[in-house]
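Here the protein sequences line up with chains A and B, keeping their order. Position one of the first sequence corresponds to residue 1 (the working numbering), numbered consecutively onward. Position one of the second sequence corresponds to residue 553 (the working numbering), numbered consecutively onward.
It should be emphasised that the hints constitute simulated quantities derived from the structure, not laboratory data. None of these values were measured; they are calculated from a predicted model. Be aware that a few hints might be false.
Just a sample of chain B residues kept apart from chain A, beta carbon distances all over 12 Å, derived [what the hints assert, rightly or not]:
{"hint": "1", "residue": "I598"}
{"hint": "2", "residue": "R709"}
{"hint": "3", "residue": "G757"}
{"hint": "4", "residue": "R812"}
{"hint": "5", "residue": "A863"}
{"hint": "6", "residue": "I963"}
{"hint": "7", "residue": "S989"}
{"hint": "8", "residue": "P1011"}
{"hint": "9", "residue": "E1023"}
{"hint": "10", "residue": "K1027"}
{"hint": "11", "residue": "Y1093"}
With a Cα cut of at most 20 Å, we get these calculated SDA-like pairs of lysine to any residue [claimed, not checked]:
{"hint": "12", "chain 1": "B", "residue 1": "K593", "chain 2": "A", "residue 2": "Y42"}
{"hint": "13", "chain 1": "B", "residue 1": "K772", "chain 2": "A", "residue 2": "G223"}
{"hint": "14", "chain 1": "A", "residue 1": "K472", "chain 2": "A", "residue 2": "E442"}
{"hint": "15", "chain 1": "A", "residue 1": "K41", "chain 2": "B", "residue 2": "A590"}
{"hint": "16", "chain 1": "B", "residue 1": "K643", "chain 2": "A", "residue 2": "G223"}
{"hint": "17", "chain 1": "B", "residue 1": "K918", "chain 2": "B", "residue 2": "Q890"}
{"hint": "18", "chain 1": "B", "residue 1": "K636", "chain 2": "A", "residue 2": "E442"}
{"hint": "19", "chain 1": "B", "residue 1": "K1024", "chain 2": "B", "residue 2": "E994"}
{"hint": "20", "chain 1": "B", "residue 1": "K830", "chain 2": "B", "residue 2": "R778"}
{"hint": "21", "chain 1": "B", "residue 1": "K593", "chain 2": "B", "residue 2": "R632"}
{"hint": "22", "chain 1": "A", "residue 1": "K91", "chain 2": "A", "residue 2": "R55"}
{"hint": "23", "chain 1": "B", "residue 1": "K884", "chain 2": "A", "residue 2": "N81"}
{"hint": "24", "chain 1": "A", "residue 1": "K91", "chain 2": "B", "residue 2": "F600"}
Cβ coordinates follow ideal geometry from the N, Cα and C atoms, glycine included.
The chain contents come next:
There are 2 protein chains.
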Amino acid sequence: MNTDNPIPAMTEKKELVANWETLERIFIRPEDEASRTALVKYMEQILFGLHDFLRKHVGITREASLEELSRRFTESRISRNPRKKLTDVIKGIIEEIAPHAVNVTSPYFIGHMTSAIPFFMVHLQTIMSALHQNPVKLETSKVVSILERQVLAKIHRTIYNQDESFYEKHIQAPESTLGSFTDDGTLANLTALWVARNAFFRSRGRFRGVEEEGMACALKTYGYDRCVVLTSRLGHYSLRKAGGVLGIGSANVIPVEVDRNSRMDTRCLRQMIREIHKDSQKSRVLAVVGIAGATETGTVDPLPEIAEICAENRIHFHADAAWGGPTLLSEKYRSLLQGIEQADSVTIDGHKQFYMPMGCGMVYFKDPGAADHIAYHAAYVIRPGSVDLGIRSIEGSRAATSLILGSALEIMGAGGYALLIEHGIETAKEFAAEISSRPFFELVTAPQLNILTYRLFPPELREKWETGDREKRKKINSEVNQINILLQRLQREAGKSFVSRTTLRRKNREDTVVLRSVIMNPMTDMHIIREILDEQEEIYYSHIQTSGNCSE
Amino acid sequence: MNTDNPIPAMTEKKELVANWETLERIFIRPEDEASRTALVKYMEQILFGLHDFLRKHVGITREASLEELSRRFTESRISRNPRKKLTDVIKGIIEEIAPHAVNVTSPYFIGHMTSAIPFFMVHLQTIMSALHQNPVKLETSKVVSILERQVLAKIHRTIYNQDESFYEKHIQAPESTLGSFTDDGTLANLTALWVARNAFFRSRGRFRGVEEEGMACALKTYGYDRCVVLTSRLGHYSLRKAGGVLGIGSANVIPVEVDRNSRMDTRCLRQMIREIHKDSQKSRVLAVVGIAGATETGTVDPLPEIAEICAENRIHFHADAAWGGPTLLSEKYRSLLQGIEQADSVTIDGHKQFYMPMGCGMVYFKDPGAADHIAYHAAYVIRPGSVDLGIRSIEGSRAATSLILGSALEIMGAGGYALLIEHGIETAKEFAAEISSRPFFELVTAPQLNILTYRLFPPELREKWETGDREKRKKINSEVNQINILLQRLQREAGKSFVSRTTLRRKNREDTVVLRSVIMNPMTDMHIIREILDEQEEIYYSHIQTSGNCSE
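Kindly generate the complete structure, drawing on both the sequences and the hints.
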């Protein structure tokens, strides 16, 4: 076989169609025994030595500059003929791509909500892709749609804990929607606010509802000038985006101030609702979003109070538990999310603390009829009366990720997830104590779940800050901000450890640049955390303090 | 080892955190050699004998009633302890789930746009999931984001064919957006109309644009009562959904009549625009959507004329090529999509005619600055000036599906895809000829690409129809509709072959129930198609005609 021309017969149609053997080369199986052997070797490494494989291959290079990497990928033409065999492509990914990818699964990578996943998740993803089911409709998924309903009911029960008869009634009822899978938390939040918007501006008299007639017509019919969504200042940016997409206006997603523990200030919330609902304003609060695990600080809003306020004012209460949701599986810590069972809708991400591969958001509804407000039908699928799951979802075609989550729940049990959750929360606590014990650091937001923020604050600067006047303090704060921006970048570029950074904006205080750590990798222990802090001190000494250019 | 208690140490936290060996069981590798051996066997079957595996395991059971399947999946509790080992879960999927899933990869499954995928796609999906990159931001993807830009440029060039300097300038420029990956075509269409809406109602004077201030404020500022989107009567339902989501109103996504070839009637389009833009109406056309491969009929709208009309009227022209897009890779047939290069935005799906696993939609923009209208920033990621891809996309976190598409283009070449496309178009033509040659069938819409619709129309009924008056014809048509509904269901339930059905609504004609075939599986040949038609005739003879209950 001429290996210079890997798929020789592909250039002639007759052979592809008529010649089974040729077709098999691209569609059915590896082209020869040598390729198969090479592929088996790669796949064994990936499937049965995932973490060793990642340690060995991913992100191993020191920072190749972005500019340099960018110059390598500037080919805008698709070649007419195949350029590589599958084996060479896989080899290329492993040898040329992976070294410049990010080793998010390293226990030293504690900067984002993307972390190590259990090896078996890759097995489940593989079998899911092989089955190639599409749960938008029963005709392309069948039992997989039914299984999805079961998974949705399990998570719904974890949140809402309705009684047995409730689940018996709704679990497989085509007209009930306990929840819906989406690609991510952004789309889950969008779906929740979409439902809230449509429920609020429902049909009335000759008005056929906001979904059909649009926002302008809806506001006019109901006699309002605008409607708003209220969420904590720490609310995820996807909420603003949802407001923009839904025609509400991103500026009408209004931040509520947080208290000193970074939780929504409910006195402030009450007051804002009162102000907005004054008749003279012609404004209305469409929904309040409480956070269960803020992206930046991991903090949990006072959900019971928010629920109460929403009930009093008949406002849709959405809980964004994209991050914190799986905490409900820990008997020890589920009380941290108390009040979530009163939310009208809840977002939870699968690819976060369910440790799934990318691409699994979920939204849940307390009322199994709520999603009727977003129902769509078509003539060729999702016909009225059908059991197709695509009737009430933002997406059409999508992967059957429920198969992965359902299987993972069987393999891990609630107890398995609980251990991971508890490890994260308890390690974060120890991490916070470690920070507080070091003179070079300041804990900025203590962990309520498993996220904390802190900053390097050199004692000499802190001393000056403590004795300084307002102007002086402002100046020092700004300097400390620059130190932390530089520190985070230098540590990232050194390639061993990674924490992220963000800027906290707090009432009556200067903007504070903080280092942000997310503890979800069970291999991240205090030994590693101390190393990360040591490295930060070392970077400060060697590269920042001595450079004398803190304002860089 | 006690196999009744597969992960015994998981019930005690200390051991998970402290005991490396225990942790490895759930996170790092199979718990013992026997499990590993069993898993290797399964994975080899899936990865290297995909199509045999699917033939052997998937959808092999005759129709187990939905009710019966539904009764099997009614467990709403998550067990505290693990219930199964990975090996047993995989075994369960293969032995209990797969037989009741749908064998979408069978060459006899020609009813939907979900079909066989090449075996190597599963390999690529596996490695993508193992790397677990998240292209929302560079910090969790790095080179993968850069690679994604290259893939986007390749498809952009396939559509728009700008010159070399254009791609040199934009391919890796952080401020340019040639396109964006989404989970599916619905979200791609939504993104395109989101951009169109925001570009139309951009900031003006004190008005900060529709994204910030919402639809009601936008219409008021611009002095309109409503805005509309026009698309062919055969436009995908996701366009109505996008209108609903975006606050435009689904009823303001207005169908344009089609001509006798199921293509948008551009005289009708011109007239509608004229009517709507009459000053007295205070309405405005926001966008016109032309279809390149209608979901139901595979037809292609007259894109050059639509482009001309949009240019004259300064209206955003979106091309929904979710299905037909990859036809551009066939030199032989790319002219069928002529005019698409004039579209302001284009939707193409990866999981359709790029034969990728589920979960890959894409939207492309002629103007690399167009997506600025949907930009979002946050403090912890996608900061202004960053190269994070999440700045201009509907989704946040998502899988790096670009890695799959980029690799597939290398393995297949444009030529490889062209062969698949050409096989589909040419087989559909032969299929149509076969239908026309059979007295029991009527071709309803001839294939322009690789989709056609037809119906069983028994000669005795056709004869009566031809000589009947209007009332009589209506009655016969209704009877034929019922025959085809029943026929499609009985054939699906028999479990060997699958065509879908839809209802075509045409001006001045009765609603027509048709059988719909999509030819994308390269293993689907005329021999199989004749078998499918034979089976349909047989079902009619044995189960429909003789039952004497055609109106069932």
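Okay, the hints, checked on the actual structure:
1. I598: B/I598 is in fact no farther than 12 Å from some Cβ atom of chain A, at 5 Å.
2. R709: violated, 5 Å
3. G757: holds, 16 Å
4. R812: holds, 19 Å
5. A863: holds, 26 Å
6. I963: The claim is violated: B/I963 sits with its nearest Cβ about 6 Å from chain A, within 12 Å.
7. S989: holds, 21 Å
8. P1011: holds, 27 Å
9. E1023: The claim stands: B/E1023 keeps its Cβ more than 12 Å from every Cβ of chain A (closest is about 25 Å).
10. K1027: Its Cβ never comes within 12 Å of chain A, the nearest being 22 Å, so this holds.
11. Y1093: At roughly 25 Å from the nearest Cβ of chain A, B/Y1093 sits farther out than 12 Å, so the non-interface label holds.
12. B/K593 with A/Y42: Given that 20 Å is the threshold and the Cα spacing comes to 15 Å, the pair holds.
13. B/K772 with A/G223: Roughly 15 Å separates the two Cα atoms, so the pair holds.
14. A/K472 with A/E442: Since the Cα atoms of A/K472 and A/E442 sit roughly 19 Å apart, the hinted pair holds (cutoff 20 Å).
15. A/K41 with B/A590: Holds. A/K41 to B/A590 sits at ~17 Å (cutoff 20 Å).
16. B/K643 with A/G223: violated, 59 Å
17. B/K918 with B/Q890: holds, 15 Å
18. B/K636 with A/E442: violated, 45 Å
19. B/K1024 with B/E994: holds, 19 Å
20. B/K830 with B/R778: Holds - the C-alpha atoms of B/R778 and B/K830 are around 13 Å apart, at most 20 Å.
21. B/K593 with B/R632: Given pair B/K593, B/R632 is violated - Cα atoms ~30 Å apart, limit 20 Å.
22. A/K91 with A/R55: Within the cut-off at roughly 16 Å; holds.
23. B/K884 with A/N81: Cα-Cα ~15 Å, so holds.
24. A/K91 with B/F600: holds, 17 Å
Hint compliance for this structure: hints 1, 2, 6, 16, 18 and 21 are not met, and every other hint is.
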